[in-house]
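Residue-level listing of the chains:
Number of protein chains: 2
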Amino acid sequence: MAKKYRALAEHYAKAIASGSLGKGERLPSLRDIAVLHRVSISTAVEACRLLERQGYVEAKSRAGYFVIDAMPLVKRAGAAAVSDFDNANERIDPADYVGVHERISVTLARGTRRPMKVDLAGAVCAPELYPGAALRDNMLRLLRARPRVYGTHPQREGVTKLREAIARCSVSRGMHADPETILVTHGCSEALSLALMAVTSPGDVVAIESPTYFGILQIIESLGLKAIEIPTRPDTGISLDALEFAINHMGRIQAVVCMPSVQNPLGCSMPETAKTRMIELCEKHNIALIEDDTYGFFLPNPAYSRPLKAWDKKGNVIYCNSLNKSLSPGLRVGWLIGGKWHKKIEMLMYAVSRHREEMLQLVVADFMAGSAFSRHMKRMNALLKQQRTQLVEAILGHFPAGTEVTCPDAGLLLWVRLPDGKNTDILFDKALAEGIRICPGSIFSNMDKFNDCLRLSCGMPIKGRVESAIRTLGRLAREL
Amino acid sequence: MAKKYRALAEHYAKAIASGSLGKGERLPSLRDIAVLHRVSISTAVEACRLLERQGYVEAKSRAGYFVIDAMPLVKRAGAAAVSDFDNANERIDPADYVGVHERISVTLARGTRRPMKVDLAGAVCAPELYPGAALRDNMLRLLRARPRVYGTHPQREGVTKLREAIARCSVSRGMHADPETILVTHGCSEALSLALMAVTSPGDVVAIESPTYFGILQIIESLGLKAIEIPTRPDTGISLDALEFAINHMGRIQAVVCMPSVQNPLGCSMPETAKTRMIELCEKHNIALIEDDTYGFFLPNPAYSRPLKAWDKKGNVIYCNSLNKSLSPGLRVGWLIGGKWHKKIEMLMYAVSRHREEMLQLVVADFMAGSAFSRHMKRMNALLKQQRTQLVEAILGHFPAGTEVTCPDAGLLLWVRLPDGKNTDILFDKALAEGIRICPGSIFSNMDKFNDCLRLSCGMPIKGRVESAIRTLGRLAREL
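Here the protein sequences come in this chain order: A and B.
For reference, each letter of the first sequence is one residue, going 0 to 479 in numbering that gives the first Met the number 0.
For reference, each letter of the second sequence is one residue, going 0 to 479 in numbering that gives the first Met the number 0.
Bear in mind the hints are in silico, worked out from the structure with no lab data behind them.
Wrong hints could be hidden among the right ones.
Pairs count within a copy or across copies, as identical chains cannot be separated in the list.
Said to hold, decoys possible - Straight-line C-alpha distance at most 27 Å; calculated DSS-like pairs for lysine-lysine:
{"no.": "1", "residue 1": "Lys160", "residue 2": "Lys384"}
{"no.": "2", "residue 1": "Lys116", "residue 2": "Lys384"}
{"no.": "3", "residue 1": "Lys13", "residue 2": "Lys59"}
{"no.": "4", "residue 1": "Lys116", "residue 2": "Lys160"}
{"no.": "5", "residue 1": "Lys342", "residue 2": "Lys225"}
All chains should be modelled from the sequences, with the hints used to inform the complete structure.
Laid out in structure tokens, this is it:
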């Protein structure tokens, strides 16, 4: 259960995030907070300290707590009003997935066929943001020490070292993981796929976020599952009211797949109270909860927005993660903590893909064993914060009036909605012709809900070619 | 269709393999062959030339063709008679696979928990048989040239180079593969698993060899399929009569999975006439044919015992292979040619495991691009031929009278049957206690048919500790 001070901190975090409390404004005094919310002074103190650790406020000696970050969640070009990407009156309907996979594949494949000048579609950062050289040097050193490694069968030992390193790094996400329970996978896609294989049978219904990472839609179709898309907002993430409604009225739901931290594509993170409610809801209805924490390490203070798994006492959460986005796009190292399905998933994994290559695991284990990983993430997150702001400003400056763009506090992805229902599939084609790749909104849902949206990555420095690409995109969008 | 001279050559190959024509014996003259089999002289010439290329006979100037290899298919300790592992009166029954996966996993896991002195269970050769150092050096060179590779997303180019190298090497298997149709997988297990996912739905029935590679049983259970085990013999492989019977009488069979070349565990290869019959049978009944060619490169003349895929004109064969056994146990590089299911498999693969790590593919591509791979296989196969003979002799010398052992002409696996129904699960336990690991026959079937069998690997030089382990196994088997 979330403690009282956490709920209180969230109340203010939300006020700050939505712009109700602006940059430089003072929080109410501790005494006022205590009276206002009927809590003790010590609870008020704890809440303010948490807000401070989370980077929302700073304490000024004797003067109280002041807001230091007041980025609204969504900005709209040419208008002051803050929108919330209103998603009211959406239909909720479990649907067979037929063809969505192909539609996504075709879209993605078309994007790779032409020579690309600027790629704003891939959720990947510029090479200079990753410690590629350090990883390469680790690999050279390890290979020199083991000249015959490719002539020998992978040892379990390598895996153990990586598991231990992952367990250590999990602490910085505010969770504890026993190395014995960690299964190393071929990226997060394999982890999610194994998780769904373990808890569903073809024809089963799975609840997913809407919009969601398109890879989830592909896995769902691959496994012959049906999906219910649950409205998901850029402030609080997946709507638990809608999820509960679906659970009560739409027939058996076998699993929920979600990204509670830095959701792809919205960049939102669920409030802590929502996380505990989510856990309880799924436990109560015996629904497996599959958590994709791919972007968790991108949080400014990863330990203060913990994954669902940190609250999971009954083993009902399957936790999936990967280092593909955070540490190295070139390595395919992911992992999974399977809770009560651990043994089943381990067997499925062994049957489907058997051993992992050993050296890549050791390279990563070496890097994650010390403080290099957290230093790397700190540096990367600081750069991404700048680039996010710059990309938001560029979009607001060049896109047509009425365009909405998310302003998430973490990650490398922005979600943009064009005004007047302008179709981003057409924009995708026109951009391709100019050598610019974007992700059209249509591939983030099977319900034609986001055909006026697009996802852009701020992984590359927003200058030169990238800046000019945004200008071009803005022009193309205005011409639609 | 197989040509006449091929059928004729096979007739004599079989006679040689079974020992009917002994080493040094002369084949009938070309004229006698022509009269005897009612063929033209030129057909007789072609047949003899094929036998020569296949390494069965050698031509002596003006004297005719003489047998150079007369290893019987199966030898029995303490008896002259050649057995054929008689499998008559077997039941054929499509069965749900429940628990076989766990049984196999538990067996394999138990084998890894103790410190092992001699591993005769793994289908893997001694490190000195693999070009580990050359692969490592390739990797060092490639990494030096691309210091930032781990900071960048995998390029399609790397995959293309490997596909082209695989296509080139496929020629030495007597088949032609278009690089565009090759999908690079995470070993052969992923390839087989994707193939089965593409052509079946849970509950479907699949025909498999019996005994079969236990990994197939695990995949079948993972995917919720049923299996019919088709008797398979150490001379001609899977029984097509039994398969046809099953097709006609056992209800819809969705796919056949088989290893036509150097079967695991029997080491047998199907005659060419059987291959064409198999292709026709499956085409006629619209049954997908999934071919596992993992050990194909272990054939003494790989081009003269071609894979089923070489005959496949209608895209009904899904071809799976890997370099795990032949080139490097440490790398996980496999591939698949999907025939008419290519697009579906490509989509499934992308959904389940997305991109492959790039450098490992390039390392392999470099090695396979020139003649290094075929030179390596030639050397390895020559060593394995010695080691197979030595292991057979050691088994016949130390195991109880009546023990039968296969004498395959390729690969690293021997299949042993103990006399008097002695149980090899018990032998497995007793051997483990002595630090020796073997594969008990029980994991090669779900029908309790092979509980008196075991699989041994001759991948390590048969001397010193290995020789003494065989002596120990023989003693333990006698004591059962």
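Verification of the supplied hints:
Proximity of Lys160 and Lys384 under a CA criterion of 27 Å is satisfied in neither setting, with 32 Å inside one chain copy and 38 Å between copies. Taking the shortest Cα distances, Lys116 and Lys384 sit within 27 Å of each other inside one copy (24 Å), while across copies they are farther apart (55 Å). For a Cα distance limit of 27 Å, the shortest separation of Lys13 from Lys59 inside one copy, 21 Å, qualifies, whereas the shortest one across copies, 92 Å, does not. Within a single copy, Lys116 and Lys160 get their C-alpha atoms only as close as 40 Å, which misses the 27 Å cut-off; across copies the closest is 23 Å, which meets it.
Taking the shortest Cα distances, Lys342 and Lys225 sit within 27 Å of each other both inside one copy (25 Å) and across copies (22 Å).
Going through the hint list in order, the structure does not satisfy hint 1, though it satisfies all others.
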